[in-house]
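S.K.: Listed here are the chains, written in short residue letters.
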Amino acid sequence: GDSVTQMEGPVTLSEEAFLTINCTYTATGYPSLFWYVQYPGEGLQLLLKATKADDKGSNKGFEATYRKETTSFHLEKGSVQVSDSAVYFCALSSNNNDMRFGAGTRLTVKP
Amino acid sequence: DSGVTQTPKHLITATGQRVTLRCSPRSGDLSVYWYQQSLDQGLQFLIHYYNGEERAKGNILERFSAQQFPDLHSELNLSSLELGDSALYFCASSVWDTSSPLHFGNGTRLTVT
Numbered sequence: 001g002d003s004v005t006q007m008e009g010p011v012t013l014s015e016e017a018f019l020t021i022n023c024t025y026t027a028t029g030y031p032s033l034f035w036y037v038q039y040p041g042e043g044l045q046l047l048l049k050a051t052k053a054d055d056k057g058s059n060k061g062f063e064a065t066y067r068k069e070t071t072s073f074h075l076e077k078g079s080v081q082v083s084d085s086a087v088y089f090c091a092l093s094s095n096n097n098d099m100r101f102g103a104g105t106r107l108t109v110k111p
Numbered sequence: 001d002s003g004v005t006q007t008p009k010h011l012i013t014a015t016g017q018r019v020t021l022r023c024s025p026r027s028g029d030l031s032v033y034w035y036q037q038s039l040d041q042g043l044q045f046l047i048h049y050y051n052g053e054e055r056a057k058g059n060i061l062e063r064f065s066a067q068q069f070p071d072l073h074s075e076l077n078l079s080s081l082e083l084g085d086s087a088l089y090f091c092a093s094s095v096w097d098t099s100s101p102l103h104f105g106n107g108t109r110l111t112v113t
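Line order of the protein sequences matches chains A and B. Read in order, the letters of the first sequence correspond to residues 1 to 111 in my numbering. Read in order, the letters of the second sequence correspond to residues 1 to 113 in my numbering.
Pulled out of the complex, with its shape left as it was, chain A reads as follows (with noise of 0.2 Å):
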């Protein structure tokens, strides 16, 4: 069935430093790939999202492309703020009806 693989965290960055967070999925057919954040005791929150390949999703200075060829949805951001530390979820959606999450990200960025 569908998954989504991301990398295990956790993640720790000074500010102003460069983000990579890797996500690969496995589906039939063509997915949507989207990115979620979870702040501390909320739900989660879409980020972005991408619907066909080549298309690069961005927002709040995060982005990710999707890359067909190597079945990947990287979310990247140049420069992270405290104010990022946060849960990242990969997750892909093949009909419509269900969306599948990866195991999630934690990162916390220092002062």
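Incorrect hints may have been included.
[What the hints assert, rightly or not] Computed list of lysine-lysine pairs in DSS-like fashion (alpha-carbon distance at most 30 Å, straight line):
id: 1; chain 1: B; residue 1: K57; chain 2: B; residue 2: K9
id: 2; chain 1: A; residue 1: K60; chain 2: A; residue 2: K77
id: 3; chain 1: A; residue 1: K77; chain 2: A; residue 2: K56
id: 4; chain 1: A; residue 1: K68; chain 2: B; residue 2: K57
id: 5; chain 1: A; residue 1: K52; chain 2: A; residue 2: K77
id: 6; chain 1: A; residue 1: K52; chain 2: B; residue 2: K57
id: 7; chain 1: A; residue 1: K56; chain 2: A; residue 2: K110
id: 8; chain 1: A; residue 1: K110; chain 2: A; residue 2: K52
id: 9; chain 1: A; residue 1: K110; chain 2: B; residue 2: K57
Rather than coming from a laboratory, the hints here were simulated on the basis of the structure.
Starting from the known structure of chain A, fit chain B onto it as the hints suggest.
M.R.: Relative to chain A, chain B alone:
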């Protein structure tokens, strides 16, 4: 605030018992999804309802059941509870299906003792 309301926030119960978790979706959203988040298994998809009809089933145990009512709120029933059912249960809603963004509630933390 996502607009999705889950009650109760915390629930502590004993093994063998039955509990009901409630979710009110965002106004105008027709789809409701249930997820289980545990430390060792991450975020597991349980079930999706659209306008009262079941649309997809994930890793939902037979001891668990769900329904979506005509007013679109949803309930997740967990029975014959085991220690391993202790987890955070999230409800999410979307306008149509997963092609529109999912909006998550803050979850119900279930502790089975």
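S.K.: Indicate, hint by hint, whether the structure satisfies it.
M.R.: Hints and how they fare:
no., hint, result
1, B:K57 - B:K9, "24 Å, holds"
2, A:K60 - A:K77, "9 Å, holds"
3, A:K77 - A:K56, "13 Å, holds"
4, A:K68 - B:K57, "27 Å, holds"
5, A:K52 - A:K77, "21 Å, holds"
6, A:K52 - B:K57, "25 Å, holds"
7, A:K56 - A:K110, "28 Å, holds"
8, A:K110 - A:K52, "35 Å, violated"
9, A:K110 - B:K57, "40 Å, violated"
Violation of the numbered hints given earlier is confined to hints 8 and 9; the remaining hints are satisfied by the structure.
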